[in-house]
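Trainee: If you read the sequences in order, they're chains A and B.
The numbering of the first sequence is my numbering, which starts it at 1 and goes up by one.
The numbering of the second sequence is my numbering, which starts it at 1001 and goes up by one.
In short, the hints are calculated from the structure, not lab data.
Note that the structure is a prediction, hence the values are computed from the model and not measured.
Glycine included, each C-beta is placed from N, C-alpha and C at the ideal position.
Take the hints with a grain of salt, since some may be wrong.
Below, simulated SDA-like cross-link-like pairs (lysine to any residue); rule was C-alpha separation at most 20 Å, straight line [as the list claims (entries may be wrong)]:
{"#": "1", "chain 1": "A", "residue 1": "Lys369", "chain 2": "A", "residue 2": "Gly350"}
{"#": "2", "chain 1": "A", "residue 1": "Lys166", "chain 2": "B", "residue 2": "Gly1116"}
{"#": "3", "chain 1": "B", "residue 1": "Lys1367", "chain 2": "B", "residue 2": "Asn1405"}
{"#": "4", "chain 1": "B", "residue 1": "Lys1027", "chain 2": "A", "residue 2": "Lys196"}
{"#": "5", "chain 1": "A", "residue 1": "Lys21", "chain 2": "B", "residue 2": "Pro1073"}
{"#": "6", "chain 1": "B", "residue 1": "Lys1226", "chain 2": "B", "residue 2": "Asn1193"}
{"#": "7", "chain 1": "A", "residue 1": "Lys92", "chain 2": "B", "residue 2": "Gly1116"}
{"#": "8", "chain 1": "A", "residue 1": "Lys166", "chain 2": "B", "residue 2": "Leu1009"}
{"#": "9", "chain 1": "B", "residue 1": "Lys1092", "chain 2": "A", "residue 2": "Ala28"}
{"#": "10", "chain 1": "A", "residue 1": "Lys27", "chain 2": "B", "residue 2": "Phe1263"}
{"#": "11", "chain 1": "A", "residue 1": "Lys369", "chain 2": "A", "residue 2": "Lys27"}
{"#": "12", "chain 1": "B", "residue 1": "Lys1226", "chain 2": "A", "residue 2": "Gln80"}
{"#": "13", "chain 1": "B", "residue 1": "Lys1021", "chain 2": "A", "residue 2": "Ser4"}
{"#": "14", "chain 1": "A", "residue 1": "Lys196", "chain 2": "B", "residue 2": "Leu1005"}
{"#": "15", "chain 1": "A", "residue 1": "Lys197", "chain 2": "A", "residue 2": "Glu186"}
{"#": "16", "chain 1": "B", "residue 1": "Lys1166", "chain 2": "A", "residue 2": "Ser4"}
{"#": "17", "chain 1": "B", "residue 1": "Lys1092", "chain 2": "B", "residue 2": "Gly1116"}
{"#": "18", "chain 1": "B", "residue 1": "Lys1027", "chain 2": "A", "residue 2": "Phe263"}
Across the chosen pairs, the derived CB separations fall in these ranges [as the list claims (entries may be wrong)]:
{"#": "19", "chain 1": "B", "residue 1": "Leu1086", "chain 2": "A", "residue 2": "Thr61", "range": "49 to 59 Å"}
{"#": "20", "chain 1": "A", "residue 1": "Leu9", "chain 2": "B", "residue 2": "Leu1086", "range": "53 to 63 Å"}
{"#": "21", "chain 1": "A", "residue 1": "Lys92", "chain 2": "B", "residue 2": "Leu1086", "range": "28 to 38 Å"}
{"#": "22", "chain 1": "A", "residue 1": "Glu157", "chain 2": "B", "residue 2": "Ala1032", "range": "54 to 64 Å"}
{"#": "23", "chain 1": "B", "residue 1": "Pro1055", "chain 2": "A", "residue 2": "Ile306", "range": "33 to 43 Å"}
{"#": "24", "chain 1": "A", "residue 1": "Ala51", "chain 2": "B", "residue 2": "His1046", "range": "50 to 60 Å"}
{"#": "25", "chain 1": "B", "residue 1": "Gly1013", "chain 2": "A", "residue 2": "Tyr88", "range": "52 to 62 Å"}
{"#": "26", "chain 1": "A", "residue 1": "Leu348", "chain 2": "B", "residue 2": "Leu1086", "range": "42 to 52 Å"}
{"#": "27", "chain 1": "B", "residue 1": "Arg1285", "chain 2": "A", "residue 2": "Asn193", "range": "23 to 33 Å"}
{"#": "28", "chain 1": "B", "residue 1": "Arg1285", "chain 2": "A", "residue 2": "Gly33", "range": "46 to 56 Å"}
{"#": "29", "chain 1": "B", "residue 1": "Ile1077", "chain 2": "A", "residue 2": "Glu157", "range": "40 to 50 Å"}
{"#": "30", "chain 1": "B", "residue 1": "Ile1077", "chain 2": "A", "residue 2": "Pro406", "range": "34 to 44 Å"}
{"#": "31", "chain 1": "B", "residue 1": "Lys1217", "chain 2": "A", "residue 2": "Gly366", "range": "23 to 33 Å"}
Number of protein chains: 2
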Amino acid sequence: MDDSLPLSLRSQGYPASPIRKLIPYAKAAEAAGHKVFYLNIGEPNHDTPAAFFQPIHAYQTPHLPYAPSQGHPELLIAIQGYFQRLGYPLEKHHLQVTQGATDALLFSLFTIANSGDDILTFEPFYPNYLAFTAQLGLTLVGIPTTMENAYALPSLEEMETYLTPKTKAILISNPSNPTGRIYTEEELKRIVNFAKKHQLWIISDELYHTLTFAGKKATTLLAYQKVYPAIVVIDSVSKRYAACGARIGCLINTHTPFMECIFQLGQSRLGVSLLDQLGAAALYRLENPSLAHLPALYEARRDKVINFLSAYPWIHYVKPEATFYLMLSLPIHDSNHFCTWLIEHIHLDGERVLITPAENLYVTPGKGKNEVRLALVLEEEPLLRAMNILVYGLQQYMTLFEPLNPSRPVHE
Amino acid sequence: MDDSLPLSLRSQGYPASPIRKLIPYAKAAEAAGHKVFYLNIGEPNHDTPAAFFQPIHAYQTPHLPYAPSQGHPELLIAIQGYFQRLGYPLEKHHLQVTQGATDALLFSLFTIANSGDDILTFEPFYPNYLAFTAQLGLTLVGIPTTMENAYALPSLEEMETYLTPKTKAILISNPSNPTGRIYTEEELKRIVNFAKKHQLWIISDELYHTLTFAGKKATTLLAYQKVYPAIVVIDSVSKRYAACGARIGCLINTHTPFMECIFQLGQSRLGVSLLDQLGAAALYRLENPSLAHLPALYEARRDKVINFLSAYPWIHYVKPEATFYLMLSLPIHDSNHFCTWLIEHIHLDGERVLITPAENLYVTPGKGKNEVRLALVLEEEPLLRAMNILVYGLQQYMTLFEPLNPSRPVHE
Chain A
1 MDDSLPLSLR SQGYPASPIR KLIPYAKAAE AAGHKVFYLN IGEPNHDTPA AFFQPIHAYQ
61 TPHLPYAPSQ GHPELLIAIQ GYFQRLGYPL EKHHLQVTQG ATDALLFSLF TIANSGDDIL
121 TFEPFYPNYL AFTAQLGLTL VGIPTTMENA YALPSLEEME TYLTPKTKAI LISNPSNPTG
181 RIYTEEELKR IVNFAKKHQL WIISDELYHT LTFAGKKATT LLAYQKVYPA IVVIDSVSKR
241 YAACGARIGC LINTHTPFME CIFQLGQSRL GVSLLDQLGA AALYRLENPS LAHLPALYEA
301 RRDKVINFLS AYPWIHYVKP EATFYLMLSL PIHDSNHFCT WLIEHIHLDG ERVLITPAEN
361 LYVTPGKGKN EVRLALVLEE EPLLRAMNIL VYGLQQYMTL FEPLNPSRPV HE
Chain B
1001 MDDSLPLSLR SQGYPASPIR KLIPYAKAAE AAGHKVFYLN IGEPNHDTPA AFFQPIHAYQ
1061 TPHLPYAPSQ GHPELLIAIQ GYFQRLGYPL EKHHLQVTQG ATDALLFSLF TIANSGDDIL
1121 TFEPFYPNYL AFTAQLGLTL VGIPTTMENA YALPSLEEME TYLTPKTKAI LISNPSNPTG
1181 RIYTEEELKR IVNFAKKHQL WIISDELYHT LTFAGKKATT LLAYQKVYPA IVVIDSVSKR
1241 YAACGARIGC LINTHTPFME CIFQLGQSRL GVSLLDQLGA AALYRLENPS LAHLPALYEA
1301 RRDKVINFLS AYPWIHYVKP EATFYLMLSL PIHDSNHFCT WLIEHIHLDG ERVLITPAEN
1361 LYVTPGKGKN EVRLALVLEE EPLLRAMNIL VYGLQQYMTL FEPLNPSRPV HE
């Protein structure tokens, strides 16, 4: 029976993570003594505020119990305080602490949609949206946004062409991972009107809310919960506080029947890590000044990278307004092949670069095959070394695999 | 629209946790100045070994990154060491670290069964089995075991009567939460033969493997993985090491296609809490002597409780051979009502007791309505006070609600 052990059909079609699937090549390169610049995973490289570790180092109780399933009281209060400072007071019973944004997304999707239903999102998207919908038997429907149009949202009429009787929700990354777009007030209103008109839920993944550049501010969809309660807002400590290892997120919604199911899902997960919650509470309590320098830090990196890449007219992009991601359109035809080849075969002085192929950031067939996502999560100097490797590799690749490409650089 | 915001059908039918749903009554009692004995949640009350906290308190890196998605290397090695000491050497690629046993169960069920498939388990069961199967669109099918028969497993022929073309797996708690049974070698072989004969997977939840009494030992189904690889074994630090707040579990299987899907599920969860994993690694490294006293501790409690309850011939039970649970059959007709009434209305000198109604430990209609589950997770003295409240409350309840019950105690 060995090889014929029956597995589920859904396990066969489960999407591999485009962000993580190439890590074995990077590990092999490291094992061979090379240095790898990891631009694949959106893991901020600023220090985790020391405040996180204080309550954890101070924890002296000789017993480590389950935390309450809705969330540790200290964390719930700290989250309320954080959103109060942003201008959005929250009731405690509108909050659920989750294991990262992941569980917040899974809980929300489960509560909103049945197996077989459709969830709309905007392409390109955070690839785990595809994984999470697949876990719940949902179909992720991609509404295209384009680099040419600076990833602006389509018109109400265009969005309506993607509706089916099974459409239950719109999932939006606001500001957008991976495009770096800050949606305008007008765009957000358009989404809310669209949702309201068609009785759809909105799930707003707001992990990058505070990481915006050039003085521009993002608008949280909490601003619309009063006029339309079918809006779920998701937050996490991972990106803002560089605490990815803590796995603490939360979701916010004001609709009682929705939250009742969320609380039950939370109960069946028993509770979220106690120590991580104590640390996260300290993070949410931090006043903004201690983090105020971060947007400028990532903005400066973005500018350095953009400045470097602007010398290559066959590399296209839109300057991100937020987040630490950058989508690139390259003169290639198979970004999976390119990214794999790049980490496997290209180094400069023993240094290599790992980036994310963008095909799985789309569900529309054929899209993203010439695109990659970079996470600009290195200091400026290594970041520019990584860009140098990327451009060098790309030039080699075009010579080898895209020789008839009219965008092929003529120098070398 | 407010009240008519559309939610999924599956959210409506999602089972409330029978273990946790009565907690609000307990909190209300506490708020009124009463003391509550929590016998509802299986949270061991021995100290978490200090080893857990050492690497966490020693963590001085100013950054808290994602742990590798398969698990932190230190933890993987520590788990290998633990099972090596038990006599079961494991390959690293047969292991996935998970957020508690919960994710291990969810990952396994997803990989084995499609929405609409059947999963067999033995009644009474750990109630979250119903929650986890519901999350994945699976039907949990209960095969009865009975107190009268000491919860022994049924014959192969009887198990076969529960098979449908959609049956994909048998989920077993080994030793059993909530019955405390240690399955015999013969019973485990029967399960393996049954699974082999019908191409079913076995998911063996072995959280209580080491918590066995009177010198009896439980057998891990790892012992059968070589002859039948469709066996998934699940472990966790929660119970053995009293580290429920850490949310660290793992699953073990040797079948490559199964593990490939598991690893992808792990990748889409990004990683498990870094600090909790470092602490858990220290726990798995502990040599058995430091925990050797625990079974005797829980065995002594069991004996005190059994000795106390044996004075009431209208309370029935089977003496548990393992775990810290105890199922009671009571002369009542609605254990949900009884358990709610008990916490709400009964106290002795300001002390109350919270226990779990057993109806949701069964899926067979009508079963469990006269049963409750106790988790014996208090020191002996408060445990006996809690038993006293339970029996006092039961006597009151029978007078009030079961006056025609032939089992009604004649005294009072």
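Trainee: Can you give the numbers of the hints that this structure goes against, from lowest to highest?
Mentor: The structure conflicts with hints 1, 4, 7, 11, 12, 13, 17, 19, 20, 21, 24, 25, 27, 28, 29, 30 and 31, although it agrees with all the remaining ones.
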